[in-house]
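Listed in order, the protein sequences are those of chains R and X.
Throughout, the numbering used here is defined as the position within the first sequence, counted from one, plus 447.
Throughout, the numbering used here is defined as the position within the second sequence, counted from one, plus 1.
No lab work stands behind these hints: they were computed from the structure.
A hint or two may mislead.
[Said to hold, decoys possible] Simulated pairs of lysine-lysine, BS3-like, Cα-Cα distance not exceeding 27 Å:
(1) R/K449 to X/K589
(2) X/K444 to X/K634
(3) R/K470 to X/K589
(4) R/K521 to X/K360
(5) R/K517 to X/K589
[What the hints assert, rightly or not] Where chain X lies over chain R, by a calculated footprint (3+ residues, C-beta under 8 Å):
(6) 496-509
(7) 596-602
(8) 653-660
[To be verified] Covered, in the sense of this in silico footprint (three residues per stretch, anywhere, with C-beta under 8 Å from a C-beta of chain R), are these stretches of chain X:
(9) 177-188
(10) 452-459
Think of the CB as a built atom: it goes at the ideal place given N, C-alpha and C, for glycine as much as any other residue.
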Amino acid sequence: MKFGVVVFPGSNCDHDAFHAIGKVLQKPVEFIWHQSEDLQNCDSLILPGGFSYGDYLRTGAIARFSPVMKAVAKFARSGGLVLGICNGFQILLEAGLLPGAMMRNSGLRFICRPVHIRVEQTDSPFTNAAKKGQILTIPIAHSDGNYNCDEATVAEMEKNRQILFRYTTADGRDDVTGNPNGSLNNIAGICNRERNVAGLMPHPERAVEAALDSEDGLVIFRSMIEAMVGASKATA
Amino acid sequence: MILAGEKIQAGEMATAQTEIKVTPAIAAEHGVTAEEYARIQKILGRDPNITELGIFSVMWSEHCSYKSSKVHLKRLPTRGKLVVQGPGENAGVVDIGDGLVAAFKIESHNHPSYVEPFQGATTGVGGILRDIFTMGARPIAILDSLRFGEIVASKQTTEEEAAKNRRILDGVIRGVAHYGNCFGVPTVGGEVVFEPCYSQNPLVNALALGIARKEDLFFAKAKGPGNPVIYVGAKTGRDGIHGASLLASAEFTEESQQKRPNVQVGDPFVEKLLLEACLEAMKSGAIIAIQDMGAAGLTCSTCEMASRGGTGIEIDLAKVPQRETGMSPYEIMLSESQERMLLVADKGREREVLDVFTKWGLDATVVGEVKDGELLVVKDHGKVVAEIPAHPLAEEGPVYHRPITRPQPRHETKEDWFQFAAEGTNLTGNFKMLLASPTIASKRWITEQYDTMVRTNTLAGPGASDAAVVRVKETNRALALATDGNGRWSYLNPKLGAMHAVAEAARNVAASGARPIAATNCLNFGSPEKPEVMWQFSEAIDGLGEACITLNTPITGGNVSFYNETLRKSIYPTPTIGILGILEDASKVLKIAFRSDGDAIVLLEEEPSYNGFPVHPIPRNDQQEFSSSEYSKTLSGVVAGEPPVIDLRAEGRLIDLLVALADKRAVRSAHDLSDGGLVVSIAESCFAAKGLGAEVTLEEDLPAEYALFGERGARAIVSVSPGELSELDQTALQFGVRVRQIGKVTRDNVLRIQYKGRTVISASIEALRDVWANSLERALKLS
Numbered sequence: 448m449k450f451g452v453v454v455f456p457g458s459n460c461d462h463d464a465f466h467a468i469g470k471v472l473q474k475p476v477e478f479i480w481h482q483s484e485d486l487q488n489c490d491s492l493i494l495p496g497g498f499s500y501g502d503y504l505r506t507g508a509i510a511r512f513s514p515v516m517k518a519v520a521k522f523a524r525s526g527g528l529v530l531g532i533c534n535g536f537q538i539l540l541e542a543g544l545l546p547g548a549m550m551r552n553s554g555l556r557f558i559c560r561p562v563h564i565r566v567e568q569t570d571s572p573f574t575n576a577a578k579k580g581q582i583l584t585i586p587i588a589h590s591d592g593n594y595n596c597d598e599a600t601v602a603e604m605e606k607n608r609q610i611l612f613r614y615t616t617a618d619g620r621d622d623v624t625g626n627p628n629g630s631l632n633n634i635a636g637i638c639n640r641e642r643n644v645a646g647l648m649p650h651p652e653r654a655v656e657a658a659l660d661s662e663d664g665l666v667i668f669r670s671m672i673e674a675m676v677g678a679s680k681a682t683a
Numbered sequence: 002m003i004l005a006g007e008k009i010q011a012g013e014m015a016t017a018q019t020e021i022k023v024t025p026a027i028a029a030e031h032g033v034t035a036e037e038y039a040r041i042q043k044i045l046g047r048d049p050n051i052t053e054l055g056i057f058s059v060m061w062s063e064h065c066s067y068k069s070s071k072v073h074l075k076r077l078p079t080r081g082k083l084v085v086q087g088p089g090e091n092a093g094v095v096d097i098g099d100g101l102v103a104a105f106k107i108e109s110h111n112h113p114s115y116v117e118p119f120q121g122a123t124t125g126v127g128g129i130l131r132d133i134f135t136m137g138a139r140p141i142a143i144l145d146s147l148r149f150g151e152i153v154a155s156k157q158t159t160e161e162e163a164a165k166n167r168r169i170l171d172g173v174i175r176g177v178a179h180y181g182n183c184f185g186v187p188t189v190g191g192e193v194v195f196e197p198c199y200s201q202n203p204l205v206n207a208l209a210l211g212i213a214r215k216e217d218l219f220f221a222k223a224k225g226p227g228n229p230v231i232y233v234g235a236k237t238g239r240d241g242i243h244g245a246s247l248l249a250s251a252e253f254t255e256e257s258q259q260k261r262p263n264v265q266v267g268d269p270f271v272e273k274l275l276l277e278a279c280l281e282a283m284k285s286g287a288i289i290a291i292q293d294m295g296a297a298g299l300t301c302s303t304c305e306m307a308s309r310g311g312t313g314i315e316i317d318l319a320k321v322p323q324r325e326t327g328m329s330p331y332e333i334m335l336s337e338s339q340e341r342m343l344l345v346a347d348k349g350r351e352r353e354v355l356d357v358f359t360k361w362g363l364d365a366t367v368v369g370e371v372k373d374g375e376l377l378v379v380k381d382h383g384k385v386v387a388e389i390p391a392h393p394l395a396e397e398g399p400v401y402h403r404p405i406t407r408p409q410p411r412h413e414t415k416e417d418w419f420q421f422a423a424e425g426t427n428l429t430g431n432f433k434m435l436l437a438s439p440t441i442a443s444k445r446w447i448t449e450q451y452d453t454m455v456r457t458n459t460l461a462g463p464g465a466s467d468a469a470v471v472r473v474k475e476t477n478r479a480l481a482l483a484t485d486g487n488g489r490w491s492y493l494n495p496k497l498g499a500m501h502a503v504a505e506a507a508r509n510v511a512a513s514g515a516r517p518i519a520a521t522n523c524l525n526f527g528s529p530e531k532p533e534v535m536w537q538f539s540e541a542i543d544g545l546g547e548a549c550i551t552l553n554t555p556i557t558g559g560n561v562s563f564y565n566e567t568l569r570k571s572i573y574p575t576p577t578i579g580i581l582g583i584l585e586d587a588s589k590v591l592k593i594a595f596r597s598d599g600d601a602i603v604l605l606e607e608e609p610s611y612n613g614f615p616v617h618p619i620p621r622n623d624q625q626e627f628s629s630s631e632y633s634k635t636l637s638g639v640v641a642g643e644p645p646v647i648d649l650r651a652e653g654r655l656i657d658l659l660v661a662l663a664d665k666r667a668v669r670s671a672h673d674l675s676d677g678g679l680v681v682s683i684a685e686s687c688f689a690a691k692g693l694g695a696e697v698t699l700e701e702d703l704p705a706e707y708a709l710f711g712e713r714g715a716r717a718i719v720s721v722s723p724g725e726l727s728e729l730d731q732t733a734l735q736f737g738v739r740v741r742q743i744g745k746v747t748r749d750n751v752l753r754i755q756y757k758g759r760t761v762i763s764a765s766i767e768a769l770r771d772v773w774a775n776s777l778e779r780a781l782k783l784s
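Isolated chain R, as found in the complex (with noise of 0.2 Å):
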């Protein structure tokens, strides 16, 4: 089991998720250099936050024609798993290969605090440790988090229920004092249909110790590592 972070130029989280990864939770882990479409047999590979390409343009718009993510596109068609954080969440976007799109804050200015987001469903790879409505406290920090889509997507994504996480208050209310940036629906972070693509604006990364205030996003990785524990039994 190998988790790969790509590292795109402007990446700043590729050593938050490479230490969560590898010193917290002790599993193997490689950054993947943007230029490099080899992905050097990793498992699963997460795309971390930060301003890849300066986020000139449009957050994500440049770095999803890194060579890289051709090989990303490949490696999600083929079933492996692909978690995208904040910056990474916003290139996967911009990858069609999750739906929908980024606007600015509604308060049209970076926020940095930890949010409360509430788990919606358990069946995916990226949720399997938790507990449905378990609500988690994790950090976030971004500009540009106000998730959007077209009514008939996020119907769809209702229907499929890929919806995984949303925003929500500290017990667990849908209101709008707990959405910190406009989301769509409260929308904090989405799958594909096929549950192997994921992405979230809020940092997981950041609440894997106590010392950093939360652990909450633990259950996150640790469901990566049970879905690739599953995978590898079911091929073994």
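Using the hints, position chain X against chain R.
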């Protein structure tokens, strides 16, 4: 002013013969005085050409040469057991154990931030980050010490001015946030202070901290004739020409807005690439020396590297990557385009270095080589356009003993001072007004725009502890940093104000549990050509020196920012101090939040007398002292009197005690007393907790307002479980600090203060929190 370069096309200049004949009048336009011009002629043995004049003018500008401050800065303590590198390099460096060192420095970017707030602030942050990674250290934290004019109209500030100040603040905050967030270093703390005097001259002081292995440190010393000089990073453009010499070395007038083209433009994405590429290239072992191009750009980096290494340097400007066509040598040498570095590589290994930069998509070109001798030779397409001895240019600039005059003492009577309220007055309303004052109110609205957590080292971000605390991965340690300054006190008494700034920063570091080890300073003053300003400066230096010696925090670097005046009005003299501390066990970090119901609230304060020696050399007048407080300013508009007297040894004892208490895990929270005094500290400890209040009973032979809101130093509040009180007493006794239980943490979510048997403050935490947490945002939304 006409920039000489505008008239000259590239390539048209030949050695010393130029289209523009340099005259004393042109020299004067460059800010070069007649004596300085004569000195240039003596160094060169001839008249300078226009490019050479430009080079001298920036290197000898106040900003780059410290010509007015040098003689005073010598009085600062710069040596210590842990100091690896003191002032004179790109940043100060201290030993933090386990083979690691910390590089840190604070620097101002005041004038650019007024002219163009967003870009001024971004390039301020970008510049200080480059200073850190130039040393081979990876930046891990940024702090910003910011000062603005009032954002709400008042007696001293019109609505128009207040609106302008709000726009400046918004631009500066966005700029600081943009650069740090994109670069990927957390902005973990600092201060935001409001005073009318900063209305047309905001202070933007940025501090950065980085970590390196001791043996991996890099210095800016050119070595080895024949070694290639390599230019890396962004291309050179016309931005920022004379940024340092014009913007930072002269006061402001109505035409200042026209200086907008002199402000540099920042690109944090390129700087992030530059960081990764530099650190990677440094690992190759092929780099001998490196210096960033900040103020005075290519000029400063070439002559300083040569001067420090005792060598010469020759470069050809035709090889410098350029963003624009037709740039003259003058413009290329003086450009302050951001995100550029100059390095010296090991001859024969330049390919290794260039390959790393190519991998990161950055320009990297050999532009010249290290030479024997001491000449800085600048060529353009092979023709010499400037030829200057590097050492005299870099190190033998003018040094001024500016005249110093002590200003007329202020004649104040009792009527000019703060008038205390009648005994027994309910102070709840006043307390709410104090909590709402922008300097005291929560800065959450600002700090939430900063990424405070990237790199996952932040153990205490803005407001969580008295200092920002970041852990050092791979070790058990953490580093704590605090910045402090009190312009109002420095204005009333520059020496005392400077001492308090050091004491408060050190106390803040200790209140996080860390031992203060070293300091960096940013000295923001008015025009050095005014003898009264130089008196303030000299007094402040004496104060800083005395405090840093007593508290054992040598000054390892920083900068001086003069000419902070607009339309002949000086700002308050504002020395800002950053203090770094080490927490040996990162798990012992202390935060300000009260932890549980029933804990005792204990005031730690200086002993009125210690070992029989009186601690107050000057008899204290409560009314006079209180007139310098935030409360006095906010409630009655009185800014007068004297700052509280200071007992540096008492400060030292309190610092030692706080560090010992954290180490023993003997207290559950700690918070020093500063702006707004005791009750503000207690309220903040409640706000940081969830669902807790406090009940406090005080009895002193003082007016209630003085006891509750006075800002005397060497004090902190801690909370302890009742069972541990006696141990606290014993420890405090060892350190000679007085301990007084003044109340307890309660669960009823109310703050109640009894003074001399009467309830003087009583309000729900929620009501107080609302005022404190939202005042700043409400004030800013006016625009």
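ask   = Going straight from one Cα to the other, do R/K517 and X/K589 come out at no more than 27 Å?
value = Violated. R/K517 to X/K589 sits at ~47 Å, over the 27 Å cutoff.
inquiry  = Using a Cβ cutoff of 8 Å, are there at least 3 residues of the segment 496-509 of chain R near chain X, or does the coverage claim fail?
reply    = holds (count 7)
query = Are the Cα atoms of R/K521 and X/K360 separated by 27 Å or less?
reply = Since the Cα atoms of R/K521 and X/K360 sit roughly 25 Å apart, the hinted pair holds (cutoff 27 Å).
message = At least three residues with a C-beta closer than 8 Å to a C-beta of chain X: is that true for the segment 653-660 of chain R?
response = With 5 residues closer than 8 Å to chain X, the segment 653-660 of chain R meets the three-residue bar; holds.
request  = Quickly compare the C-alpha distance for X/K444 and X/K634 to 27 Å and report which way the hint goes.
outcome  = holds, 20 Å
query = Three or more residues of the segment 452-459 of chain X near chain R by CB distance under 8 Å?
reply = holds (count 7)
message = Between the segment 596-602 of chain R and chain X, are there enough contacts, at least three residues with CB-CB distance under 8 Å, for the coverage claim to hold?
response = It is violated: at least three residues are needed, and the segment 596-602 of chain R offers just 0 whose Cβ sits closer than 8 Å to chain X.
ask   = Residue count check for the segment 177-188 of chain X against chain R: does it reach three with CB-CB under 8 Å?
value = It holds: at least three residues are needed, and the segment 177-188 of chain X offers 6 whose Cβ sits within less than 8 Å of chain R.
query = Taking only the CA atoms, is the gap from R/K470 to X/K589 under or equal to 27 Å?
reply = holds, 21 Å
query = Holds or violated: R/K449 with X/K589, Cα cutoff 27 Å?
reply = With a Cα-Cα distance of about 35 Å, the restraint between R/K449 and X/K589 is violated, given a limit of 27 Å.
Checked against the numbered hints above, the structure breaks hints 1, 5 and 7 and satisfies the rest.
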